[in-house]
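*Asks:* Sequence:
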Amino acid sequence: MSQKIILAGGSGFLGQALAQHFKASGDEVVVLTRSPARANGDARFVQWNGKTSGAWTRELDGATAVVNLSGRSVDCRYTPVNRQEIMDSRVLPTRALGEAIARCGQPPRAWLNAATATIYQHSLERANDEATGAIGGTAAAKDEFSVEVAQAWEAAFDQARTPATRHVTLRLAMVLGLGRNSVFPVLRRLARFGLGGAMGGGRQFVSWIHVADFCRAIEWLIARDDLAGPVNLVAPNPLTNREMMRAFREVCGAPFGLPATRWMLEVGAFLLRTETELMIKSRRVVPGRLLAAGFEFRF
587 MSQKIILAGG
597 SGFLGQALAQ
607 HFKASGDEVV
617 VLTRSPARAN
627 GDARFVQWNG
637 KTSGAWTREL
647 DGATAVVNLS
657 GRSVDCRYTP
667 VNRQEIMDSR
677 VLPTRALGEA
687 IARCGQPPRA
697 WLNAATATIY
707 QHSLERANDE
717 ATGAIGGTAA
727 AKDEFSVEVA
737 QAWEAAFDQA
747 RTPATRHVTL
757 RLAMVLGLGR
767 NSVFPVLRRL
777 ARFGLGGAMG
787 GGRQFVSWIH
797 VADFCRAIEW
807 LIARDDLAGP
817 VNLVAPNPLT
827 NREMMRAFRE
837 VCGAPFGLPA
847 TRWMLEVGAF
857 LLRTETELMI
867 KSRRVVPGRL
877 LAAGFEFRF
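Positions 587 to 885 (my numbering) are the ones given, in order, by the sequence shown.
There's no promise every hint is true.
Claimed, not checked - Restricting the straight-line Cα-Cα distance to at most 30 Å, the calculated cross-link-like pairs of lysine-lysine (DSS-like) are:
#1 Lys609 - Lys637
#2 Lys590 - Lys637
#3 Lys609 - Lys590
Unchecked claim - Each pair of labels, with its calculated beta carbon distance range:
#4 Ala809 - Ala725: 23 to 33 Å
#5 Leu844 - Ala814: 42 to 52 Å
#6 Arg658 - Arg747: 24 to 34 Å
#7 Arg689 - Arg775: 24 to 34 Å
#8 Gln745 - Arg775: 33 to 43 Å
#9 Ala725 - Ser621: 18 to 28 Å
These are calculated hints, taken from the structure and not from any lab test.
No residue lacks a Cβ here, since even glycine has one placed at the ideal position from N, Cα and C.
I would like the entire structure built from these sequences, with the hints used as guidance.
*Replies:* Shown next, in the form of structure tokens:
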């Protein structure tokens, strides 16, 4: 049976992958975007600003599911202006969707809202799952702001009064694919240029998920009426940074990779206008609920 899937903020890498995935299954896909001119054959694009109601709200009535992927990139320096934009781009669309769904005559059956696995504490030893994972920032990982955003994002979702719609919080790790804005091409380029060594000692864990498993998990969660609340969208086996960069070097046929010390990362992050937290925080996160419910990873 054909479904109607709403992808809010779905014009980026993840939204395009999901649009292709659901279109291939014969579903109707509607992308809510600030840039409807970028439409393609996989979806119907509808204008929204992620803040206020408008004609876009009619698309939600009778939809099977809403998947909210809104949020500007965190690959930037955390200046006061960027911090506010990062926060607002996550919290405001979540609130706007909640208000629109609450007014629906026939609300969507499910609402899957993007979140981040960064909400868990920096951990070199303990694996964080949904039931026992520790939440909070760590000064050594420079992640206090990111955790603050993660908690505000989830709070906005939890506060939405939409009792007829099942809520699923998608605690996402980095999604590996070839699309624009994926980190995979960046890491592959570093390896090819001989810069694919361990970063900041390499002991920090990297949680990740393949884009194909990401799309399959979203489809699976929409179909599972018995699952609600936080779900870690990560592969079962997080790697250390050292192990991951070794894998990239092997795939790229790179004979060596220069390591980067912490001070080198600080300099590089400043020059590239990004933050070292993205490289030094240990995100040792595992998909407890997906595995317990029977989801099978292919990667």
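*Asks:* Output the indices of the hints that this structure fails to meet, ascending.
*Replies:* Hints 4, 7 and 9 not satisfied by this model.
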